[in-house]
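K.L.:
Protein chains in written order, with the working numbering: chain U, 1 to 137; chain X, 1 to 137; chain L, 1 to 137; chain V, 1 to 137; chain Y, 1 to 137; chain C, 1 to 137.
Quick caveat, the hints were computed from the structure, so don't treat them as lab data. The reader is advised that the hints may include incorrect statements.
Remember, identical chains collapse to one label, so a pair may be satisfied in a single copy or spanning two.
[As the list claims (entries may be wrong)] Okay, derived cross-link-like pairs now, DSS-like style, lysine-lysine, Cα gap no bigger than 30 Å in a straight line:
| id | residue 1 | residue 2 |
| --- | --- | --- |
| 1 | K50 | K66 |
| 2 | K3 | K27 |
| 3 | K9 | K66 |
| 4 | K34 | K2 |
| 5 | K34 | K9 |
| 6 | K27 | K50 |
| 7 | K66 | K34 |
| 8 | K50 | K3 |
| 9 | K9 | K27 |
| 10 | K50 | K9 |
Listed below, chain by chain, are the residues.
6 protein chains.
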Amino acid sequence: MKKVAVFRKEHFNAAHRLFNAAWDEEKNAAVFGKCSYPNYHGHNYELVVKVTGIPDPQTGFVMDMKALSDLIRTYVLEQFDHKNLNLDTPYFREMNPTAENIVVVIYELLRDRIDPTLELQVRLYETERNFVEYPVR
Amino acid sequence: MKKVAVFRKEHFNAAHRLFNAAWDEEKNAAVFGKCSYPNYHGHNYELVVKVTGIPDPQTGFVMDMKALSDLIRTYVLEQFDHKNLNLDTPYFREMNPTAENIVVVIYELLRDRIDPTLELQVRLYETERNFVEYPVR
Amino acid sequence: MKKVAVFRKEHFNAAHRLFNAAWDEEKNAAVFGKCSYPNYHGHNYELVVKVTGIPDPQTGFVMDMKALSDLIRTYVLEQFDHKNLNLDTPYFREMNPTAENIVVVIYELLRDRIDPTLELQVRLYETERNFVEYPVR
Amino acid sequence: MKKVAVFRKEHFNAAHRLFNAAWDEEKNAAVFGKCSYPNYHGHNYELVVKVTGIPDPQTGFVMDMKALSDLIRTYVLEQFDHKNLNLDTPYFREMNPTAENIVVVIYELLRDRIDPTLELQVRLYETERNFVEYPVR
Amino acid sequence: MKKVAVFRKEHFNAAHRLFNAAWDEEKNAAVFGKCSYPNYHGHNYELVVKVTGIPDPQTGFVMDMKALSDLIRTYVLEQFDHKNLNLDTPYFREMNPTAENIVVVIYELLRDRIDPTLELQVRLYETERNFVEYPVR
Amino acid sequence: MKKVAVFRKEHFNAAHRLFNAAWDEEKNAAVFGKCSYPNYHGHNYELVVKVTGIPDPQTGFVMDMKALSDLIRTYVLEQFDHKNLNLDTPYFREMNPTAENIVVVIYELLRDRIDPTLELQVRLYETERNFVEYPVR
Numbered sequence: 001m002k003k004v005a006v007f008r009k010e011h012f013n014a015a016h017r018l019f020n021a022a023w024d025e026e027k028n029a030a031v032f033g034k035c036s037y038p039n040y041h042g043h044n045y046e047l048v049v050k051v052t053g054i055p056d057p058q059t060g061f062v063m064d065m066k067a068l069s070d071l072i073r074t075y076v077l078e079q080f081d082h083k084n085l086n087l088d089t090p091y092f093r094e095m096n097p098t099a100e101n102i103v104v105v106i107y108e109l110l111r112d113r114i115d116p117t118l119e120l121q122v123r124l125y126e127t128e129r130n131f132v133e134y135p136v137r
Numbered sequence: 001m002k003k004v005a006v007f008r009k010e011h012f013n014a015a016h017r018l019f020n021a022a023w024d025e026e027k028n029a030a031v032f033g034k035c036s037y038p039n040y041h042g043h044n045y046e047l048v049v050k051v052t053g054i055p056d057p058q059t060g061f062v063m064d065m066k067a068l069s070d071l072i073r074t075y076v077l078e079q080f081d082h083k084n085l086n087l088d089t090p091y092f093r094e095m096n097p098t099a100e101n102i103v104v105v106i107y108e109l110l111r112d113r114i115d116p117t118l119e120l121q122v123r124l125y126e127t128e129r130n131f132v133e134y135p136v137r
Numbered sequence: 001m002k003k004v005a006v007f008r009k010e011h012f013n014a015a016h017r018l019f020n021a022a023w024d025e026e027k028n029a030a031v032f033g034k035c036s037y038p039n040y041h042g043h044n045y046e047l048v049v050k051v052t053g054i055p056d057p058q059t060g061f062v063m064d065m066k067a068l069s070d071l072i073r074t075y076v077l078e079q080f081d082h083k084n085l086n087l088d089t090p091y092f093r094e095m096n097p098t099a100e101n102i103v104v105v106i107y108e109l110l111r112d113r114i115d116p117t118l119e120l121q122v123r124l125y126e127t128e129r130n131f132v133e134y135p136v137r
Numbered sequence: 001m002k003k004v005a006v007f008r009k010e011h012f013n014a015a016h017r018l019f020n021a022a023w024d025e026e027k028n029a030a031v032f033g034k035c036s037y038p039n040y041h042g043h044n045y046e047l048v049v050k051v052t053g054i055p056d057p058q059t060g061f062v063m064d065m066k067a068l069s070d071l072i073r074t075y076v077l078e079q080f081d082h083k084n085l086n087l088d089t090p091y092f093r094e095m096n097p098t099a100e101n102i103v104v105v106i107y108e109l110l111r112d113r114i115d116p117t118l119e120l121q122v123r124l125y126e127t128e129r130n131f132v133e134y135p136v137r
Numbered sequence: 001m002k003k004v005a006v007f008r009k010e011h012f013n014a015a016h017r018l019f020n021a022a023w024d025e026e027k028n029a030a031v032f033g034k035c036s037y038p039n040y041h042g043h044n045y046e047l048v049v050k051v052t053g054i055p056d057p058q059t060g061f062v063m064d065m066k067a068l069s070d071l072i073r074t075y076v077l078e079q080f081d082h083k084n085l086n087l088d089t090p091y092f093r094e095m096n097p098t099a100e101n102i103v104v105v106i107y108e109l110l111r112d113r114i115d116p117t118l119e120l121q122v123r124l125y126e127t128e129r130n131f132v133e134y135p136v137r
Numbered sequence: 001m002k003k004v005a006v007f008r009k010e011h012f013n014a015a016h017r018l019f020n021a022a023w024d025e026e027k028n029a030a031v032f033g034k035c036s037y038p039n040y041h042g043h044n045y046e047l048v049v050k051v052t053g054i055p056d057p058q059t060g061f062v063m064d065m066k067a068l069s070d071l072i073r074t075y076v077l078e079q080f081d082h083k084n085l086n087l088d089t090p091y092f093r094e095m096n097p098t099a100e101n102i103v104v105v106i107y108e109l110l111r112d113r114i115d116p117t118l119e120l121q122v123r124l125y126e127t128e129r130n131f132v133e134y135p136v137r
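Pulled out of the complex, with its shape left as it was, chain U reads as follows (with noise of 0.2 Å):
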């Protein structure tokens, strides 16, 4: 019984600014320097969904992967693609929309939408020189 990971590749473009509420625009700042800049910046997020378990032998397939981007399409994407991360999603208004925090509700959004016998883990990239991954291992 051999478990094979499979991963799914996506993208979506936002726009968002990391600020804690907390804290006036002076420490924000000196935090969070540029990201912190009030009218927002954005990325092109990159997301890699990787799904763990044993092939089915009558397909072949770990999970189906045109199952697996409607699913980051329908429960992700929708909410997140040519969005302020920050005013238009429930997920950032008290949370910072850090890459690590993005990536962990992104995995929240999608883990009882998979089978909860395949393992899940998802990777975000928002640059090339930057990214994260949860959960670890």
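With chain U fixed as given, assemble chains X, L, V, Y and C onto it according to the hints.
P.N.:
Below, chains X, L, V, Y and C without anything else, positioned relative to chain U:
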């Protein structure tokens, strides 16, 4: 006397929204789709600046790439990186920040700062799949 | 009146075989090597379509990238994606499906569907290391 | 005694078709969609082989990358490159050539040819957006 | 308490030569091939540093990416960028500058400068096709 | 009679140092910065060779990509790969091995070996962010 083209790639992260102020929201939505969502979205813009001329026989350089990089940083990135193109720059108050319009603005910001005997062309990637170039040839 | 070039990248996955029906297997093998193996092989073709014109002052678009993407999907990808280029399309019954011949076919499929005041050029990647462009300049 | 992982990337171009011979065409079409078109399609497969062990203090190598590349060439690429995976290889006569099944076959082709004290893992990219890894961890 | 991994990519350009001083030229040539040519060759090394820990609830950061980038710059790039790894650094006087050995050196240069509650892993690309990772898992 | 451009990508790894022998070390350091460090540094050079002509109606090829690859290997890579451009090649004894000068040398090495009815252009990437092209257009 051999002309060579040299290219320098830089990047900036910015928010924008496509929008024609002369139109109502409905027409903006019909023409620009999710690119006109009111709270902005954003991109990792990749910028490739091409400078063409005869290499200096003393240095073997058409232009010092560090000097070109510094020019791009000072005159383009300082204004655009981690900014909202619609709100934070003077260029897109009335002009729509499409990739086409942004690339012409960047060209004009650089043209006067580069030796006029050198030809200049700018390519701008809004995403890996949508990009523009100016001037043509 | 400033001409700008816009580029849209799409992809399709197809099988093909290089083969000249006027030659015997031995000559086909000598000229085309493993590219003429009888049971086909395949590629992830990457397609970059370049359209050049003057941006519309109302929209800032040379051409709506969504409209261009839809044209490519309808007139190219529908015919080529997940197909056998030799067997499933009418273009390569007698003409060898080299990258050179494919790119000319794609250009001609798109040329009549795009505003004739706009210039068109197509680049096709067969692999990351072998690619073609048409027309020249 | 420090374990290091070394990775070698290779590629091959192949045709395939997803298909379960126990099902009729209708069910194959319903489950596999355009991946089951009868005349095959293809991919530029990218293969990343990971070998983990303690570097030899004489050479500083976990394994000579040239030797690893030669093994991959001899035991994988010779059989798969420019071939039809369904028709030209013995592995996918009855087993569906999904990325999951291909990556397990490649692992098994290499496992016996590599020093058993070294751990082996294989990642296979079918496209830039769909890829698999085996074994897990 | 959720652990997240964050990754930062940096690069440096360096010359090196593979060579075991205990061996004669003939044996070095036999083992290391063109990698042991006497006058050095070089690479664009890409470095990906992975840091794993629990995001700070105030900032949403596992570690400030700017601080991580500055550490890499100060303790790795300053010593390695535009240098000859054999001649200009103290690490490879007696130890062969294979990717395996370089990645262990980089890990040790960073390990003491990063909060010990955070896990550290380093991946080093010598070329796009040859890369290494340390420690394992 | 349709001209098509075909492109072939190859790579080589080399060491070099920017240096004008007519200048003292101080002036070399001022002009070339860390690129003139005395013990050399290096790059993974990526080379894209573009050949333009009318596809042969028998083969559908402008030029056999395998023949082009062999020419590049024989006349360029054999001399440059895993070498020190300043010390191991005859071209950069007196001429500075800038990307501009290297690309002109590569063009001239290939020009006489390729059918004179075919146009030739060479692009050379020194890094992903610095590259050159010759001749212009």
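K.L.:
To test your reading of the hints: which numbers does this structure violate?
P.N.:
Violated hints: none at all, because every hint is consistent with the structure.
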